[in-house]
Amino acid sequence: MALRAALRGLLSCSSHGRLCASSTSFSQRNNSSSANLKVDHDQTTGVAVMHMQSPPVNSLSLDFLTEICITLEKLEMDKGCRGLIITSSQPKVFSAGLDILEMYGKSPERCGEFWKAVQEMWLKLYGSNMVTIAAINGSSPAGGCLMSMTCDYRIMADNPRYSIGLNETMLGIVAPFWFKETMVNTVGHRNTEISLELGLLYKPAEALNIGLVDQLVPEDQVLSAATQTMTKWLAIPEHARQITKSMMRKSTIEKLRSNREADIQNFVNFITKESIQKSLRMYMEMLKQKKA
Amino acid sequence: MALRAALRGLLSCSSHGRLCASSTSFSQRNNSSSANLKVDHDQTTGVAVMHMQSPPVNSLSLDFLTEICITLEKLEMDKGCRGLIITSSQPKVFSAGLDILEMYGKSPERCGEFWKAVQEMWLKLYGSNMVTIAAINGSSPAGGCLMSMTCDYRIMADNPRYSIGLNETMLGIVAPFWFKETMVNTVGHRNTEISLELGLLYKPAEALNIGLVDQLVPEDQVLSAATQTMTKWLAIPEHARQITKSMMRKSTIEKLRSNREADIQNFVNFITKESIQKSLRMYMEMLKQKKA
Amino acid sequence: MALRAALRGLLSCSSHGRLCASSTSFSQRNNSSSANLKVDHDQTTGVAVMHMQSPPVNSLSLDFLTEICITLEKLEMDKGCRGLIITSSQPKVFSAGLDILEMYGKSPERCGEFWKAVQEMWLKLYGSNMVTIAAINGSSPAGGCLMSMTCDYRIMADNPRYSIGLNETMLGIVAPFWFKETMVNTVGHRNTEISLELGLLYKPAEALNIGLVDQLVPEDQVLSAATQTMTKWLAIPEHARQITKSMMRKSTIEKLRSNREADIQNFVNFITKESIQKSLRMYMEMLKQKKA
Chain A
1 MALRAALRGL LSCSSHGRLC ASSTSFSQRN NSSSANLKVD HDQTTGVAVM HMQSPPVNSL
61 SLDFLTEICI TLEKLEMDKG CRGLIITSSQ PKVFSAGLDI LEMYGKSPER CGEFWKAVQE
121 MWLKLYGSNM VTIAAINGSS PAGGCLMSMT CDYRIMADNP RYSIGLNETM LGIVAPFWFK
181 ETMVNTVGHR NTEISLELGL LYKPAEALNI GLVDQLVPED QVLSAATQTM TKWLAIPEHA
241 RQITKSMMRK STIEKLRSNR EADIQNFVNF ITKESIQKSL RMYMEMLKQK KA
Chain B
1 MALRAALRGL LSCSSHGRLC ASSTSFSQRN NSSSANLKVD HDQTTGVAVM HMQSPPVNSL
61 SLDFLTEICI TLEKLEMDKG CRGLIITSSQ PKVFSAGLDI LEMYGKSPER CGEFWKAVQE
121 MWLKLYGSNM VTIAAINGSS PAGGCLMSMT CDYRIMADNP RYSIGLNETM LGIVAPFWFK
181 ETMVNTVGHR NTEISLELGL LYKPAEALNI GLVDQLVPED QVLSAATQTM TKWLAIPEHA
241 RQITKSMMRK STIEKLRSNR EADIQNFVNF ITKESIQKSL RMYMEMLKQK KA
Chain C
1 MALRAALRGL LSCSSHGRLC ASSTSFSQRN NSSSANLKVD HDQTTGVAVM HMQSPPVNSL
61 SLDFLTEICI TLEKLEMDKG CRGLIITSSQ PKVFSAGLDI LEMYGKSPER CGEFWKAVQE
121 MWLKLYGSNM VTIAAINGSS PAGGCLMSMT CDYRIMADNP RYSIGLNETM LGIVAPFWFK
181 ETMVNTVGHR NTEISLELGL LYKPAEALNI GLVDQLVPED QVLSAATQTM TKWLAIPEHA
241 RQITKSMMRK STIEKLRSNR EADIQNFVNF ITKESIQKSL RMYMEMLKQK KA
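Protein chains in written order, with full-length UniProt numbering: chain A, 1 to 292; chain B, 1 to 292; chain C, 1 to 292.
The set of hints was computed from the structure by calculation and includes no laboratory data.
Computed from a predicted structure; not experimentally measured.
The beta-carbon is built from N, C-alpha and C at its ideal position, and this holds for glycine as well.
Be aware that a few hints might be false.
[As the list claims (entries may be wrong)] From the structure, some residues in chain A lie toward chain B, with a derived Cβ separation under 10 angstroms: (1) Q53; (2) P55; (3) P56; (4) S89; (5) T169; (6) M170; (7) K180; (8) H189; (9) E197; (10) T272; (11) E274.
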């Protein structure tokens with residue numbers, strides 16, 4: 001049922017790939033746009049809003065991940081940017097997660113390169129010195145959920161058609177240890193265990209209940225609520241907040257940092273297995289049939 | 001009060017030691033029975049139901065533990081068995097836990113052999129590749145609670161006369177670190193701390209509230225609810241589920257596996273102490289008086 | 001807002017520094033009094049009540065910490081003392097936490113001495129063999145919250161004007177790893193993360209909700225509720241309870257014990273920084289203005 005719900009969510013999105021990216025630029029704003037990201041950086045408030053606009057469902061391909069990482073790097077280095085809100089310009093979806101096409105029928109080298117980019121995004125987001133808020137205005141399975149969990153705070157649209165969760169197991173693949181630890185740090189060990197074993201996707205109300213998101217608001221208020229919350233967070237003494245955040249997360253970050261190469265090998269060995277490739281093929285065929 | 005409740009539960013059981021083990025056998029079933037275990041293995045569904053029927057209260061003696069371990073080993077090796085439901089054929093009790101008679105007045109060697117069997121059962125259950133569901137149709141103190149916690153999912157009879165918990169402290173003994181870690185993984189650190197320090201037994205509603213069990217159902221529906229849940233779990237891609245389960249539990253399992261001998265020594269030294277033997281004697285006398 | 005609430009709480013206290021320490025002495029009581037502590041030790045029940053009476057707000061100065069440590073040491077050694085209740089004789093405040101005056105404009109040596117006393121108090125309380133109950137009859141920010149969290153059980157006055165939490169970040173300083181771990185052990189990782197990053201102070205109802213306190217009672221019943229709870233805890237087999245408590249806490253305790261010197265250096269280097277001293281000065285000026 002979780003699977004069907006996930007498919008429904010994803011497919012309903014891919015039918016219309018239009019962008020809502022009408023960017024309003026004021027003089028004090030420093031807006032950069034790449035193909036799939038629109039960044040509104042308000043220099044007055046020190047807050048950047050990163051709109052993901054990679055049609056149809058913000059799947060995290062190698063290219064898109066690379067764009068995201070470059071943008072994060074720039075914002076992190078920019079002293080004028082103290083807060084980051086991540087949201088989606090695509091209708092009904094925040095991000096559909098890792099792009100399956102990057103894992104199917106690819107060479108081990110390419111798979112490794114892809115995985116390194118996934119690691120890089122996680123390291124940049126989970127370890128960011130900025131205040132990071134996920135404005136989850138649509139479904140957020142797998143890698144989309146991971147991105148959300150790296151943030152300091154999660155606000156989700158209160159629409160029961162959306163869902164969020166690490167549902168990798170339903171695709172026959174396995175969330176790596178650092179996905180797992182990010183989730184344990186968010187919702188505890190038992191919720192993570194049952195969630196990952198069953199590949200659960202949670203409706204917004206359920207997600208709030210287990211602490212997977214922090215707040216639900218009506219769909220049209222997700223971004224404004226994120227902006228309001230950001231103001232509160234930016235009022236906190238910055239240096240102390242940053243050291244505290246680092247203290248809470250450094251052991252998890254350190255574990256991946258000191259095992260990146262092994263983690264890549266692990267992923268490549270697993271994903272290139274005949275049986276896993278077959279699982280992914282079946283999953284994609286199911287997606288196509290749903291679409292037709 | 002917890003103690004009195006536990007005694008009441010246990011004693012009310014031991015007064016009638018009859019078995020409800022009327023086994024219905026169909027051609028597609030592979031039913032094995034040993035003295036104290038009845039296993040219904042449905043080859044069609046791949047689900048085995050293990051009925052504990054060691055009168056009066058399914059106390060985990062060395063013999064009974066050995067039977068359980070042999071049965072678990074067989075089922076684990078059997079490719080046709082993918083799911084295991086553990087339940088009780090004894091009225092009003094799931095399992096009363098470790099058999100006190102195995103800890104009282106026994107030689108250190110015998111105590112060590114007993115403890116090794118407890119470890120073995122835990123290792124087999126907590127690390128099982130099968131989907132394991134506890135159908136808790138009666139009280140489940142101490143070792144009974146441990147067995148339940150090793151499972152992937154816990155369904156308990158919604159009868160306020162039943163209780164569940166690691167109440168070792170009330171007997172003057174101490175839950176070892178791997179009991180503790182299993183509980184921390186289930187209900188978190190603080191619930192475990194207060195629970196173990198006070199030797200708490202929880203009513204079903206309280207157990208549900210802290211996450212010690214996952215679901216309450218009317219008493220006569222425990223097994224059918226477990227069967228329904230099992231169907232959902234078996235629909236999950238198996239290999240990914242197994243790897244995920246192992247990822248969640250392996251650090252806890254590894255900690256015992258690499259410390260078995262020391263853990264046995266620890267237990268034997270503790271349990272054979274004069275003061276602890278006296279505690280156990282007093283506890284047993286209290287049980288007898290209650291009975292009379 | 002949290003900050004303002006904290007200030008309001010603290011300032012309203014400092015305006016009247018009177019003591020409520022009218023000690024009633026019976027023959028079976030062994031009451032010791034130092035300048036800022038009144039200890040009622042009931043030899044019959046084995047319970048000592050430690051009243052903090054350091055005006056105006058029980059700030060933990062080096063002198064006061066030293067008094068507390070000496071008292072704890074004595075009680076711990078006294079076989080006749082099995083339970084300790086910690087409460088406040090000051091109106092509206094349990095303890096305002098670490099004394100800022102000990103961190104402002106002091107030599108590195110003095111800062112180090114101060115921090116060593118903070119460590120010592122935590123080590124003594126978190127590792128105590130006694131049953132420890134915090135009778136939180138007023139606001140309990142920062143170090144006051146830490147003291148509360150070291151106890152086995154926390155009962156708070158159900159008065160929405162009081163609050164509790166580790167709000168160090170709001171002062172521009174950082175809770176060290178052992179404050180953090182004590183909180184994670186109490187309310188879990190995510191609650192701790194958001195709580196420490198924002199320097200949150202919780203109203204009693206919120207504190208109960210996240211598990212930061214265990215029970216709320218009307219303000220005039222805090223001490224009697226603590227006494228009742230103590231009776232239940234003292235009925236638990238003592239040796240087993242102590243070993244269990246130690247098992248739950250020893251890894252956290254060990255981490256500080258084996259890093260005391262580095263932790264002191266860390267604190268001294270941080271607190272003597274120009275920028276941190278400036279933060280503290282601004283905070284104290286804000287306190288003064290509020291007062292005036």
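Each hint tested on the structure:
1. This hint is violated: A:Q53 has a C-beta 31 angstroms from the nearest C-beta of chain B, more than the 10 angstroms allowed.
2. Against a cut-off of 10 angstroms between C-beta atoms, the interface hint on A:P55 is violated, since the closest Cβ of chain B lies about 29 angstroms away.
3. Given hint, A:P56 at the interface with chain B, is violated; its Cβ is 25 angstroms from that chain's nearest Cβ, farther than 10 angstroms.
4. Among the interface hints, the one on A:S89 is violated; its C-beta lies about 32 angstroms from the nearest C-beta in chain B, farther than the 10 angstroms criterion.
5. With a cut of 10 angstroms, the hint placing A:T169 at the interface with chain B holds, because the nearest CB-to-CB distance is about 4 angstroms.
6. Because the beta carbon of A:M170 sits about 7 angstroms from the nearest beta carbon in chain B, less than 10 angstroms, this interface hint is met.
7. For A:K180, the interface hint holds, the least distance from its beta-carbon to any beta-carbon of chain B being 6 angstroms, beneath 10 angstroms.
8. Hint on A:H189 holds. Least Cβ distance to chain B is approximately 5 angstroms, under the 10 angstroms limit.
9. Hint on A:E197 holds. Least Cβ distance to chain B is approximately 5 angstroms, under the 10 angstroms limit.
10. Because the closest C-beta pair between A:T272 and chain B is about 15 angstroms apart, greater than 10 angstroms, the hint is violated.
11. Look at A:E274: its Cβ only gets to about 12 angstroms from chain B, farther than 10 angstroms, so that hint breaks.
Checked against the numbered hints given earlier, the structure breaks hints 1, 2, 3, 4, 10, 11 and satisfies all the rest.
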